[in-house]
Every structure is written in C-alpha cells, then in structure tokens.
Amino acid sequence: MGPAVYILSALTFTACAVLLLRGYLRMKQRLLLWSSLCFFGLAISNLLLFLDLAMLPDVNLYIWRLATAAVAVVLLLYGLIWEGE
Amino acid sequence: MIQGFLLGIIVASSVMAGIFFLKFWKRTRDFLFLAFAIAFIIEGLSRASVLLLAKPNEGSPWIYVVRLLASLLILFAILKKNYGSKDQSSFGPVSGQTK
Amino acid sequence: MNEETPYSKEVDEFISEQIDTVPHLEALLLLWNSRPKQWTVEEMASALYVSSSTARNILQGLARRGLPVAGLGTPENYRYESISRKQDSLIETVDAAYRRNLVRISRMIHSKAAPGIRDFAQAFRFTKDRE
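Protein chains in written order, with the numbering used here: chain A, 1 to 85; chain B, 1001 to 1099; chain C, 2001 to 2131.
Since the hints were derived computationally from the structure, they do not count as laboratory data.
Note that the coordinates shown come from a computational prediction; the quantities given were computed from them, not determined experimentally.
Hints are supplied without guarantee of correctness; some may be wrong.
BS3-like cross-link-like pairs, simulated, lysine-lysine; straight-line CA separation at most 30 Å [to be verified]: (1) C:K2009 - A:K28; (2) C:K2086 - B:K1081; (3) C:K2086 - C:K2037; (4) C:K2112 - B:K1026; (5) C:K2037 - B:K1081; (6) C:K2009 - C:K2086; (7) B:K1026 - B:K1081; (8) C:K2112 - A:K28; (9) C:K2037 - B:K1023; (10) C:K2112 - B:K1023; (11) B:K1080 - B:K1026; (12) A:K28 - B:K1080; (13) B:K1080 - B:K1023; (14) A:K28 - B:K1023; (15) C:K2112 - C:K2009; (16) B:K1023 - B:K1081; (17) C:K2009 - B:K1081; (18) A:K28 - B:K1026; (19) C:K2112 - C:K2086.
Now the in silico label distances, taken between C-beta atoms and shown as ranges [to be verified]: (20) A:G2 - C:E2081: 50 to 56 Å; (21) B:F1005 - C:A2096: 57 to 63 Å; (22) C:M2108 - B:N1082: 22 to 28 Å; (23) C:S2051 - A:W82: 21 to 27 Å; (24) C:T2054 - A:P3: 49 to 55 Å.
For glycine and all other residues, C-beta sits at the position ideal for the given N, C-alpha and C.
Use the sequences and the hints to build the structure in full.
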C-alpha cells in the first residue's frame, strides 16, 4: 500500500514513454515524440510524488509535481491537436 | 494561487486529451485508446477533487485509487495488445529483421 | 457485391494496420503480381500515376514497415521479397479481395484513422512482427 502506487505509475508511464520513443525513432511520427515526452514528464511527476510522501518529509515538492505534470499533459495535447489528424 | 493555476491546466488538459483518445478509440476500435481515454479522464476529474481537501499537498485517497486504476488499466491494455486472445499470427513467423 | 467472405476480416485487418493509402496498396500488389521483377521509382510512379518523390516515399514506407518489399542498389530498385509463405498467401488474398471489392477497400482506406494514431497504437507492440 502507501506511496508504492506512485512507483507503479511512474514505471507504467516510463514504459509507455520508452515504447513511444522507440516507435518515434522507427516511424518518425511526431505524435509519438510528444506523447513520449508527456509520459516521461508524468513519470517524473509521480516519482516526485513518491519522494515527497515517502522520503523527504521536510521538503515540499508540490509545485514541482504540478509543474511537471502540467507541462507533460500540455505537450501531449499539443501533439494530439497537431499530429493526430 | 499558482498551484490552483497549474492544477487547472492539468485537469483541463487531461480531460481534453482523454476526449481525443475517445475519438481515436471510436475510429479504430483499439482498446488501447479506450484505456488511455479512461485513464486521462478519471485522472483529470480526480485531481479536481483537491478542491474538497483541507491539505492539498498530501494527495487525497482519490488520487491514490485513481492513479492505481489508471496505471493498471494502461498496463492491462498494453498486455492485451501483445498477448491478447485473438490470433495475432496472421503474418506468420517473421524473424523480426527488416530493412 | 459486398458480401462478408471468411477472409475479409484478415484482409481488413492487414489493410487497416499496414496500408496508408490506395497507392500504397496498389504498389504492394503491383510488386506482388510482377515478382520478382525489379521496379525503378520512375516506373512505379508512372504505374501509380503519382510523382516520383511520392512513389519513392511509398516504396520506402512499405519496406520500412517490414512488408515484403526490398529496395536494392543505388539508385534503388524495388521488388517483392517474400518473408514467409503465410504472408505471401495473405498478400494473395488481399490481391483477390482488392480485385473483387475495389470500391469497398478504397473507401475503407480513405476513412481510416490518421497514420499518427495508428503508429501510436503500433508503438505499444513489443515485437515488430506486424510492422
């Protein structure tokens, strides 16, 4: 239980990011690049959340968590809008 | 103030991305897109639940549950795509080498 | 007319996953039907009624996806290069289906999702089998 779930999501998002990056290098499809960056960002955000909750009680990473997640999803949206059609 | 701003961006963008994925799912009938759509939409909506919290920094139990569900759903979709029940071998044994 | 034959699901899946445009399909089938003839880009361009650069993109795209298309030499000549017998028979089936149902298949290709979306989905396949 506990913050371990954020490790799981960090790993899941990292896996997605790696698969998409591999796909981008192969197929040169820009949507894959943007979504890969998004998932890396979400992985980092989850990792920061884990660190925040489990390991660094005297440091508050909240703003950083939010900032990375926000940038990540905006990148994805950018990719979806421009490259999804 | 800035936290609310960032949170708003995350919620709006997540839900919108989810709607895009819904559209792609409708077009391709690929379960992977449905999984991402659900994941992003419930992520976005659950983050909005921070409005009900006294101490937003610590993350509500909703975030926790939703994050878990979303991750499992995505993992399930990826595994299903690769090891799913329908016959995936209509291409026959390709040894993986290409030009 | 438009009956659902037993093999059309396999054909539909192949086309849905591997074929970007009608010229892509026609190029592949031209190579298949004329094998092992080698085609130059210009020959393919005039056979498909497209520009040379389009023809080159199509042929390179087919090869890059792991389809049984090989480009050899400089300047590249392209020909059908069989990978497996099972795939050959699939291509043969696709060829027959396209002859019988040209309108239906063309329409299906035109209504497909954008290639970016398809590539997104394919990126999540661990192995390159279907690429």
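Do the hints match the structure? See the list:
no.: 1; hint: C:K2009 - A:K28; in the structure: holds, 29 Å
no.: 2; hint: C:K2086 - B:K1081; in the structure: holds, 21 Å
no.: 3; hint: C:K2086 - C:K2037; in the structure: holds, 21 Å
no.: 4; hint: C:K2112 - B:K1026; in the structure: holds, 11 Å
no.: 5; hint: C:K2037 - B:K1081; in the structure: violated, 37 Å
no.: 6; hint: C:K2009 - C:K2086; in the structure: holds, 16 Å
no.: 7; hint: B:K1026 - B:K1081; in the structure: holds, 17 Å
no.: 8; hint: C:K2112 - A:K28; in the structure: holds, 19 Å
no.: 9; hint: C:K2037 - B:K1023; in the structure: violated, 42 Å
no.: 10; hint: C:K2112 - B:K1023; in the structure: holds, 13 Å
no.: 11; hint: B:K1080 - B:K1026; in the structure: holds, 18 Å
no.: 12; hint: A:K28 - B:K1080; in the structure: holds, 25 Å
no.: 13; hint: B:K1080 - B:K1023; in the structure: holds, 20 Å
no.: 14; hint: A:K28 - B:K1023; in the structure: holds, 23 Å
no.: 15; hint: C:K2112 - C:K2009; in the structure: holds, 15 Å
no.: 16; hint: B:K1023 - B:K1081; in the structure: holds, 19 Å
no.: 17; hint: C:K2009 - B:K1081; in the structure: holds, 18 Å
no.: 18; hint: A:K28 - B:K1026; in the structure: holds, 25 Å
no.: 19; hint: C:K2112 - C:K2086; in the structure: holds, 25 Å
no.: 20; hint: A:G2 - C:E2081: 50 to 56 Å; in the structure: holds, 55 Å
no.: 21; hint: B:F1005 - C:A2096: 57 to 63 Å; in the structure: holds, 60 Å
no.: 22; hint: C:M2108 - B:N1082: 22 to 28 Å; in the structure: holds, 25 Å
no.: 23; hint: C:S2051 - A:W82: 21 to 27 Å; in the structure: holds, 25 Å
no.: 24; hint: C:T2054 - A:P3: 49 to 55 Å; in the structure: holds, 53 Å
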